[in-house]
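S.K.: Letter by letter, the chains look like this.
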Amino acid sequence: MSDYLVKIEHERLSFFTPVGEVKALNDVNFHIKEGEVLGIVGESGSGKSVTAYSLMGLTAYPGKLMGGSLDFNGHHINDMTEKDFQKMRGNEVAIIFQDPMTSLNPVYTIGNQIREVLKLHTNKNKQEIQARAEELLTLVGINEPKKRLKQYPHELSGGMRQRVMIAIALACEPKLLIADEPTTALDVTIQAQILELMMELKEKLGMAIMMITHDLGVVASMCDHIAVMYAGHIVEYGETDDIFYNPKHEYTKGLIRSIPRMDSQTHERLIPIEGTPVDLLNPPKGCPFGSRCDNCMQICLREKAPVTYFGDVHYASCWMNQKAEMEGGAKE
Amino acid sequence: MSDKLLKVEHLCQYFPAGGFGKNKKYVQAVDDVSFFINKGETLGLVGESGCGKTTTGRTLLQLYQPTKGRIVYDGKVLFDSGNVPMMDENGNDIKERGDYVYGTRTAVDMKPYRREMQIVFQDPYASLDPRMTVGDIVGEAIDIHGLAANKQERYEKIQKLLQTVGLNSEHANRYPHEFSGGQRQRVGIARALAVDPKFIVCDEPISALDVSIQAQVVNMFEDLQNEMGLTYLFIAHDLSVVKHISNRIGVMYLGKLVELADSFELIFHNMHPYTRSLISAIPIADPKVARANKRIALQGDVPSPLNPPSGCRFRTRCPYATEQCAKEVPKWREVSKGHFVACHNLEKLN
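Residue numbers (numbering that gives the first Met the number 0), protein chains in the order written: chain A, 0 to 331; chain B, 0 to 349.
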């Protein structure tokens with residue numbers, strides 16, 4: 000089956016730290032079709048970045064893939080060697096990091112860093128590479144590309160640097176662009192520019208985007224599908240409208256309730272999610288969200304909730320759905 | 000006594016940035032900012048990074064020595080550089096106000112006022128001393144101001160403060176690294192509350208926290224205000240949170256206030272082109288609204304405050320800029336009750 004560009008099934012990943020095994024990912028499943036935008040939402044430490052990095056073979060020591068299968072564009076990630084990864088990275092999949100200040104090399108010019116990708120992955124000669132580098136900067140909306148190519152990262156503003164990062168990522172027209180909180184470090188007006196640019200380029204180049212963020216506002220406007228992560232689990236997955244208008248997991252519901260609405264006409268008190276995120280060193284036996292959940296039942300603390308499907312794609316793992324189903328069945 | 004707790008008039012804060020003699024350069028971090036805060040209200044201050052909102056907050060408390068301007072707290076002049084015009088109740092320039100005369104240079108000893116004016120910092124990881132226990136961090140202010148007669152009283156005070164912000168009393172003996180971000184921010188708030196302040200500058204207190212924790216802290220700020228009658232200056236770049244917590248909101252751009260109004264007025268009936276684009280740029284967590292929302296995209300980046308544009312500072316990115324904008328600095332004027340804007344082209348725009 001090669002309908003899917005990315006297919007991750009039952010991925011488990013742990014970090015073996017001196018104090019014990021940190022189970023960063025527990026049974027993560029999702030897939031991305033070509034040209035699709037998937038948003039992964041979650042708090043810090045929920046495993047959003049780890050998922051993306053493992054797909055590129057960037058899992059840092061002491062992390063280790065413990066099970067499951069990862070497929071990307073015909074590659075089986077599980078048995079790939081570092082050499083295979085090097086061929087794939089930058090060519091078929093590329094990544095934009097959160098902080099454009101630290102992800103560019105300060106001692107090389109912008110041009111140097113863009114040309115490096117092209118040198119490694121294409122057979123173009125020097126003139127062609129130079130032309131392509133200029134073309135890329137124009138593509139991401141940077142004026143005077145010739146001049147910019149000679150500048151160093153510190154001479155550019157944050158928004159510009161993120162544009163350069165996007166240019167580097169798109170150099171070989173990858174099939175998948177992973178954006179790891181691409182706008183968190185930027186101001187809202189610049190964020191709007193960058194998000195618009197990403198959507199524009201997606202239309203033009205037809206790549207798929209995996210958008211990692213903690214900001215529900217960002218995913219609302221640009222994603223086709225959304226995966227909500229909590230403590231290394233995808234607790235809910237579905238189309239954007241399903242997640243926002245018909246959330247089925249208590250965590251998703253709480254998350255949506257807890258953000259203040261810009262367009263509300265009255266002052267309403269926020270309904271926060273009480274408690275603090277779970278400690279992944281000692282994850283709870285049952286539902287990871289159980290201890291913070293308002294509707295927590297006894298079974299939630301004992302056992303992990305099974306997945307319930309609502310329609311073809313939308314699913315959530317929450318005992319509340321099982322309960323609702325059983326009650327519904329009893330009525331019938 | 001007026002109900003205005005704090006008045007700021009023509010406040011300027013310039014930082015030296017290289018150069019000698021004539022060529023000495025200054026970053027105009029805050030330039031000619033005037034506003035007031037009523038007792039018991041929350042004034043929100045928003046803007047992009049580098050627009051001077053944090054500097055305004057810190058200058059108010061005189062953590063920096065203001066370059067120019069006047070700060071009046073509860074009817075007492077805390078700082079006056081002596082060379083800026085005075086304002087009457089309606090914001091017009093006057094020469095004399097009660098027994099206070101224009102041209103007097105004043106700078107009072109801030110220590111007694113620090114009891115009434117406190118600050119909560121942005122980064123709960125950097126603003127707590129890692130070598131002090133939470134009890135000592137909170138207790139330090141009590142010691143400095145001599146608020147506890149003996150050890151027992153000090154201990155009880157600390158316990159009560161920790162409970163107020165939702166921490167356990169046993170937390171007093173722990174160190175900051177043992178806490179999560181949200182809990183640390185609570186410690187920072189307990190420290191600010193230790194001296195029974197009336198006015199707190201909240202400098203991006205929730206930006207460093209996770210989404211699910213943000214709502215907890217925002218609610219706590221609201222509860223404390225209701226219980227203790229606190230007045231806040233709430234600084235943040237996230238307009239949706241500021242709108243939620245504030246009675247009035249001021250928008251800053253490159254060291255200047257461009258618009259200030261009641262929060263709902265500012266969100267739904269804003270007038271300044273910068274406020275409009277700022278609001279339209281905020282992602283809305285509602286897919287249908289977000290898809291329908293038309294962004295007013297601004298071109299380019301914020302200019303350097305070392306060399307700000309002449310006239311209106313927003314003109315380089317403003318889609319409506321005219322020649323007049325380059326020549327004259329737009330006047331800070333009240334267009335309707337309590338709604339202040341600084342823009343030349345208001346009539347054309349609205």
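Hints are computed from structural coordinates only; laboratory data are not their basis.
Keep in mind that this is a model prediction, so the values were computed, not measured.
A few of these clues could be false.
To be verified - In silico PhoX-like links for lysine-lysine, alpha-carbon gap of 25 Å or less:
id: 1; chain 1: B; residue 1: 156; chain 2: A; residue 2: 201
id: 2; chain 1: B; residue 1: 150; chain 2: B; residue 2: 38
id: 3; chain 1: B; residue 1: 38; chain 2: A; residue 2: 252
Said to hold, decoys possible - Just so you have them, the derived chain A footprint on chain B, three or more residues with Cβ under 8 Å:
id: 4; region: 7-17
id: 5; region: 63-77
id: 6; region: 193-203
id: 7; region: 238-247
id: 8; region: 273-282
Beta carbons are placed, not taken as given, at the ideal position from N, Cα and C, and that holds for glycine.
S.K.: Which constraints among the numbered hints does this structure fail? Numbers only, ascending.
M.R.: Hint check: 1, 2, 3, 4, 5 and 6 fail, others pass.
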